[in-house]
Amino acid sequence: MDLNKILPYNKHTVKSFFSFDFTVLNIFMFLLSIGLVTAMFYGIGVYLIHGHHAYGVTRSHAWGLLIAMYVFFVVSSTGLCIMSSLGHVFNIKEFQIIGKRAIAGAIIMILTGFAVIAFEIGHPVRMVIYNVLTPGLTSAIWWMGTLYGLYLFFIILEFFFLNNKIHKYSKIFGLAGLIVGLAAHSNLGAVFGFLVSRPVANGVFYPLYFILSAMVTGSYLLFLMYGWRYKMKFPPEVEKFMITLAQVLGLLLAILMFFEIWRALTHLYGHMPERADIMLHMITSKNFLIGEVLLGMLIPFVIIVYSKGRAIKAMVYASITGMIGIFWMRYDLVHDTQLAPMLKLKIHEYVAAPGLVEYTPTAVEWMISIGAIGVAFMWYYAADKFFDLDHSTDNNGQ
Amino acid sequence: MKTEISRRRFLQGSAALTIVGVSGAASSLIESEEKAKISDYGLNKTQWSDKLQEISTLCEMCVNKCAAIARVENGVLTKLNPNPLFPKSRNMLCARGNAGIQALDDPDRLKYPLIRAGERGEGKFTRVTWDEAYEYIKDKMVKILDEEKDNRSAIGCCAGEGMAEHTYTSFMQGKIGTANFVNHSSICLATTIGGYTLTLGGYGQADLENAEYVIMAGANRAEAIVTPDTMDLFKRTKGRGAKLVVVDPRFTNTASHADTWLPIEVGTDLAFVLALTYVALTDESYNKKFAKENMSDFETYKEHVISNNYTPEWAEDITGIKAEEIRKVSRDFMAHAPRAIYYQGRRTAWSLQDYQLRRAQAIFSAMGGGIDIKGGIIFGKTLPLGEHRTNSPIYDNAEVRIEKGKAALIGGSGSWIAWRNTIIDGTAPYPVRAFFAYKQNPMLSVPNTAKTKQMLEKMDLVVVIDTMPSDTVMMADVVLPESVYLEREDPVKTFGGAEPSIALRKKVVDAKYDTKPVIEIMRGLGEKLSKPLFEISKKYDESLQEELEGLTEEEVLEYYNENGYDLADGYRHSQETINHHMVASVYGEEAWKTLREKGVFYPDMDKYFKKKSVNAYQYYPEHKKSYSMIEGQLINEPYHDTCVDTKEISVLKKEFRTATKKVACVLSNLEKKKGVPSMPVWNDELYTPTPKGKFKFITGRHGQFTQSATANNALLIDLLSENYLWINKRIAKEKDIELGDMVEVESSIGKIQIKAYPTEKIGPNVLFFVHGFGAESSELTLAHQRGVNDNLIIEDQYENTFGSAAMHETIVNLRRV
Amino acid sequence: MARYGMALDYKSCINCKACESACKEENGILLGADSHRIWVGVKEIEGVFPDLSIGSTSFEPSQCQQCDNAPCQEVCPTNATYYDDNGVVRVNPDQCILCTYCMQACPYDARYIDDRTLTVDKCNFCSDTRLMNGETTTACQATCPTKVRIFGDLDDPESEISQVLKAREHHTLKTHLGTKPKLYYLT
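Protein chains in written order, with the numbering used here: chain A, 7 to 404; chain B, 195 to 1011; chain C, 577 to 763.
Hint data in this document are derived by calculation from the structure and do not stem from the laboratory. It is possible that some hints are incorrect.
Claimed, not checked - In silico DSS-like links for lysine-lysine, alpha-carbon gap of 25 Å or less:
#  : chain 1 : residue 1 : chain 2 : residue 2
1  : B       : LYS432    : C       : LYS619
2  : B       : LYS437    : C       : LYS587
3  : B       : LYS437    : B       : LYS482
4  : C       : LYS619    : A       : LYS350
5  : A       : LYS352    : B       : LYS949
6  : C       : LYS742    : B       : LYS806
7  : B       : LYS927    : C       : LYS619
8  : C       : LYS619    : A       : LYS352
9  : B       : LYS318    : B       : LYS710
10 : B       : LYS598    : B       : LYS652
11 : B       : LYS949    : C       : LYS619
12 : B       : LYS647    : B       : LYS332
13 : A       : LYS350    : C       : LYS750
14 : C       : LYS750    : A       : LYS352
15 : B       : LYS432    : A       : LYS352
16 : B       : LYS432    : C       : LYS587
17 : C       : LYS587    : B       : LYS805
18 : A       : LYS350    : B       : LYS652
19 : B       : LYS923    : C       : LYS619
20 : B       : LYS318    : A       : LYS352
21 : C       : LYS756    : A       : LYS350
22 : B       : LYS805    : C       : LYS742
23 : B       : LYS923    : A       : LYS350
24 : B       : LYS949    : A       : LYS350
25 : A       : LYS350    : C       : LYS742
26 : A       : LYS352    : C       : LYS587
27 : B       : LYS432    : C       : LYS742
Please put together the full structure from these sequences, using the hints given.
The structure is reproduced here in structure tokens:
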């Protein structure tokens, strides 16, 4: 059976698959990817031998860097899906060119996310079995997991139909993917938002903030993907798209900052224990001020506002800082939720009374988490090789 | 019982083959090797099969002997549960009681007899058979006694507290015939037992089930658990019936249950008690009738206290306790008397004035009338047991103990410190050349470890009987492994008190290794030593020679047997046979059967024992409890209605077991013959206030450890991994010391380094850490160099009445490392 | 078909940790720092030596609260955490995927990871050990020197726990979270 007839792809030999222009930048990315992937496999090896003892997670801080990285990847995926849907679901003209590339990116991101979480969930096979046999329907994790599975299914189909240029179905599955993706992603926010035991996370903020943050992340990734694709020499329709993207991103960042300010204010106001003290710790920490605010929001925002969205080359670079900031947003999300100790009493004799819970990711966790980025790079490279992710240059521009 | 194989362990096998390079580097990525060690010790979970047996026994993890029921499955001990039948332990097992399983399963246990292979103290041993070990001992002892001309006291010995202690001491002191026996008394409770006995005729028990007001000085019953005191008291504190005043330089767990905590300057309790007495005397709030009828020379004592001006103000200067507080305590005590107790305490080896302190406490308690009465100090009743006698020969050449005269009243258990120091400082009147230790770890338990080492090094023969390779075992020439308590039956014991009973330790599992219970060890030693030592006695003992003159061989043998020269006689029966006799001879076969089956017996147990609630049981109905035991006359005076005022009930004239048949306020004989002051008196020369900038070091107990005996117990170390130094937070701040920092504590005899625990619970001129840690023995995997040994810095001072250690007189320096 | 709960006369607690050791022995819990089902919490004393506030320090033994409205049960994706017939919150190790969501959701730090099965574990009132084999007390209750714990059936008005809860004031932990814990601290 000819695979090409089902899903058109570019044929490659091994040699042609691994050939690329030997520019400094390309070689650097190649080596970086190899390095990251090697690190990831090494980390996985250690985990398989030692289990969770390879990680820095403890009884009072059970979710660590891997969970944060999982969130990072699925947020990226959902973000790309949402931004892509601005084009072919909401029919905003400038966004119509990004369909295939964005969805390819979304698929790659969610698969990488699953790869990361596979080494955090203790019994992934059991999960697949019992999620079906004895589902916990009140569990946000169940909904998130199930919906993300469905989401992946939909966006794969969407990609399939996009590649086959069957636009009727790509639109249907695009819409389905978007709706399920939004549901899955806000359920991921609800994983934290439903926690009665964690006043700092409990409430409506995370489910909503996740969607917003996803769109921001998707925007940064689009800048990076298109910056890389066209090596800063943009054809006019792409340039138009990127300027619009920058303007949309500016709005999103403004809303995001507004959200964050009000979250901080409502948590601090009234000095409620386990909420105000944690929030104060959060907003005075380096992770937040340098990572989230400066790198993640301010630098890109200032560039956009100052240039009215036109400095797209600067935006590509700013998206790197943006993604670093996004990383810290995910890490802080997971870490800050667990900062308040559930037990405020000492249970051993010669220790200090419990203060904020401490956690430092181990080298193994870093290797698996950051290494997964290398995996995403490699899959993206493969996708670029096998599929034609560019828009067609006819007026439909898909 | 195997633990389940986890995926991780399975992969450890398979993945390791494929990821060879990873695993090597991987372990450096995994933190905390330390935690892995404790969690390597598994636990036996009960499988609840039909092979399950429940066997009654008694715990030996500390002195209390709580009754337990052991769950055994296929010969494996899986759980120890409380035996509700035993009145004394009130249906409970503490953390150490539960950890008995680890004591049995400890892989570091002594498993077979050993003889030293390298230098003494090196810790190198060869495995030998029991016979070879006995042979070695015999050879050495024969040589020693030959050279010492049958001076039996050339063989020194020590013992720790245990249910089989008497088996060993009867052998060493009776059969071998040495006078040089020391035990824990002089590093524990000699002064309080002595002080109370000389004053009241007995040490008694505090009736904490009914007392209304308790002054607990130093005794830390929340952590140094004593049954049933701990259980009775802490159910009634915090406004539930018993007022508790805790007098302690540290804010202990006991203090957290107190109504008042009085932080007292170390070693000044005598001043406190004298001031309490002064207030009661000048207020005239004491029980005058009781004093008149039941206390001898009371007026003399009264005059002595008042004329010496032991006022609360005077005491405030010395103790740091406010005069007003002292007045209040005295008044409250007397208001609640006779249901008021000045708690006797147990490990009371504190200061040079300990003896007088305990006398003053006893007299003060008596002034409230709370002696031999419900709610006070009671003597209770003890159920008798049949006798088991061994015949002890008389050894003419056995000298008196070497430290006689080093204190006023050196008794049969001696003064550990004086005895040891006499050996190494050359003042011993004759050489002590052998040392037998049973169930005691003097290297860690006696102040000044360096001197203990010196003493052991001087010996020609060191024999240690123990279950674990302690620091003392490492100094032995011959190591004889005793079976752990769960592997043996021990002498049946009677436990007196308000609710007396008899309890039995039965064997729960078969001995895991080539170990023996001490009765079999004594039997073996006896059989090996009897004839050779008899020959030596014949050679040098002139009285014996006279007795044997002209006797035929058969007659000599007869004499030998009848006079106890057969050292194994008395140890040849099994413990079970002996116990059977001791119980059945008094209470009959039925009682014996009950005791064997249920572990506990007392007359009418089946009638009296009832379940009161899910947790509590009745052992004796209230009217059958034995509170007042001393026979007395009723004082019949018209205006006294004994049904109305409980104070007056205590007026019943008692006959105390003192020389004067009353509570003895003045002990003039002691002063005349031994120069010990006849009444409690504060002596400034015996008290050293802590110099500025220095600290007094105090030691103490812990709820999860029994001194050094449990130092290797994985379950207990899981609860507390090492001892830290208590240091006042302000002082720590001044010296820039934070939690966990290493500090050095130095006394005149040594210095140690330990982690610091800054706390508000101790005063600025006091330092403390828990006793029992810091074992040097490399054979104790978990205990080796874990924490710090307090006896490396505690000076070997002792008070001069009983020769009891004064462990809280050591002044130390502190610096950050 | 009972509804098991526990009343704690925690004023009697002396922090001897007998309960901690008995629990480990009875249920075969691994030794090691984080691996414990029950504990005794200590409130650090307030004040400066020698003026320490005795009233400020207390010993609070605790464990899984066996909530009637357990957040851990609500969040489990595979229903590995479930209520058994006696209202005890149990974990079925065969279904647990170790997502540790329950550890996030529990307000009481009751849960930990069992290294052998790599599943989440917690106090289960000795349901699969003592209670299943005819005993009526939990290990922690039986061993306690000062008899802090009273375990029993809350739905039985004649049971000792029901009587004591009727007779004495009591409070629960983090009541405002609505978890309906079944551990009652007698004041």
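Hint by hint, work out which the structure violates, then give me just those numbers in ascending order. 18, 20 and 25
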